[in-house]
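Chemist: From first to last, the protein sequence lines are chains A and B. No gaps in the numbering here: position 142 of the first sequence is 142 in our numbering, and each next residue is one more. No gaps in the numbering here: position 78 of the second sequence is 78 in our numbering, and each next residue is one more.
Everything labelled a hint here was simulated from the structure, so no lab data went into it. Note that CB positions come from ideal geometry on N, CA and C, so glycine has one too. Please note that the accuracy of each hint is not assured.
Said to hold, decoys possible - If you anchor each label on the Cβ, the simulated ranges turn out as follows:
id: 1; chain 1: A; residue 1: 22; chain 2: B; residue 2: 73; range: 25 to 31 angstroms
id: 2; chain 1: B; residue 1: 95; chain 2: A; residue 2: 57; range: 27 to 33 angstroms
id: 3; chain 1: B; residue 1: 58; chain 2: A; residue 2: 109; range: 25 to 31 angstroms
id: 4; chain 1: A; residue 1: 95; chain 2: B; residue 2: 74; range: 28 to 34 angstroms
id: 5; chain 1: A; residue 1: 85; chain 2: B; residue 2: 70; range: 23 to 29 angstroms
As the list claims (entries may be wrong) - Subject to a maximum C-alpha distance of 30 angstroms in a straight line, what follows is the list of computed DSS-like cross-link-like pairs (lysine-lysine):
id: 6; chain 1: A; residue 1: 172; chain 2: B; residue 2: 13
id: 7; chain 1: B; residue 1: 76; chain 2: A; residue 2: 146
id: 8; chain 1: A; residue 1: 172; chain 2: B; residue 2: 102
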Amino acid sequence: MRELSLHFLDIITNSIKADAKNIRFYIIVKDNVLNMEIIDDGKGMSEEFLEKVVDPFKTTRTTRNIGMGIPLLKQAAEAAGGKFKIESTLGKGTTVKASFILKHIDRAPLGNLADALIPVISENFDFFMHYEVDGEIFIFDTKEIKKMLDGVPIDSQEILAYLNGYLADNIKNINGGKIL
Amino acid sequence: MKSIEEIMAIRDKMKAQISNRDNADDSTETRIVVGLATCGIAAGAVPVFNAFVEEVQKRNLENVRVVRSGCLGMCKLEPMVEVFVPGEEKVTYVYITPDKVKKIMDDHIEKGKVCSEFLIQEA
Ligand SMILES: Nc1ncnc2c1ncn2[C@@H]1O[C@H](COP(=O)(O)OP(=O)(O)OP(=O)(O)O)[C@@H](O)[C@H]1O
Ligand SMILES: [Mg+2]
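Just chain A, same shape as in the assembly (with noise of 0.2 angstroms):
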């Protein structure tokens, strides 16, 4: 994947397919290290799944294919210099952290993130973001959004559209011209 914005967004659609209600995003930027973490309050998963999800090719090969989503990111963690880490419980939810080092060599750029986010905006769940670069902090939560929508659909076309370009001016405005 060539942006870490894909694989977060990537680790976010699980908690959707999980049937989280409420999925929280952590982005953090601090002493040259960039720290995320995505907390659902999906199905989440048993032990035993759990290290199988983690380390799939230690599975048998009569077990079902099982996706690419966490491995990848689990690698793009440690290939620059940083930490993976995967909590889980069933039937409460799943918390998945990593972290990477700004300026390790093989750190994939953080790419377009207003626009891996757009897709995760949803009338059936709430999403909240916390997006921190040096102390500056920017909020998104569709729930304070949703109330000022007073009914109307939070991921029609109109609203995506223009939600697309307000947290692009955020993010770049909390970014201060750092390049992330």
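Assemble chain B with the ligands onto chain A, guided by the hints.
Modeler: Okay, now just chain B with the ligands, sitting in the frame of chain A:
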């Protein structure tokens, strides 16, 4: 910089449109489905998704929705897009890029003409 208050103006405009429309429902809605599993995302489906959102919004098409889906089953052919026009068979486009989106919007969504050059080609 865009502030979230601007969304109120869009909301009010849309509320007026919705009440003008006579009971449009799902059965009259055209759906553009973009595959956004790992395979689709890696192949470039995100800019394709946003290009569709932008084109639908620009053309003011009220009865067209762009939605994401999981793996559409043939990872090698991603980015894949399925178009559901009410009363017609599903059309599956393969290897879609943002610059092909305009043609699909012009020909298929607006004029009802399938873009045969973007279909799966027989071997
Ligand atoms: N947040 C989550 N909550 C519950 N189960 C999850 C979550 N994330 C992943 N899983 C489980 O782990 C599996 C593997 O996830 P992974 O993202 O690696 O691949 P995938 O989603 O199956 O396929 P793809 O390659 O398209 O991503 C999922 O199929 C799902 O069963
Ligand atoms: Mg996945």
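Chemist: Would you mind marking each hint as holding or not holding in the structure?
Modeler: Consistency of the hints with the structure:
1. In this structure, residue 22 (chain A) and residue 73 (chain B) meet the distance hint of 25 to 31 angstroms, their C-beta atoms being roughly 30 angstroms apart.
2. The hinted window of 27 to 33 angstroms between residue 95 (chain B) and residue 57 (chain A) holds, with their beta carbons roughly 29 angstroms apart.
3. The supplied range of 25 to 31 angstroms is met by residue 58 (chain B) and residue 109 (chain A), whose beta-carbon atoms lie about 28 angstroms from each other.
4. Restraint check, residue 95 (chain A) to residue 74 (chain B): a C-beta distance of roughly 32 angstroms satisfies the suggested window 28 to 34 angstroms.
5. Distance hint check: the CB atoms of residue 85 (chain A) and residue 70 (chain B) are about 25 angstroms apart, consistent with the given range 23 to 29 angstroms.
6. For a cut-off of 30 angstroms, the pair hint linking residue 172 (chain A) to residue 13 (chain B) stands: about 28 angstroms separates their Cα positions.
7. Only pairs whose Cα atoms come within 30 angstroms are accepted, and residue 76 (chain B) paired with residue 146 (chain A) is rejected, the gap being roughly 37 angstroms.
8. With a C-alpha separation of about 28 angstroms, the suggested pair residue 172 (chain A) and residue 102 (chain B) falls inside the 30 angstroms cut-off, and the hint holds.
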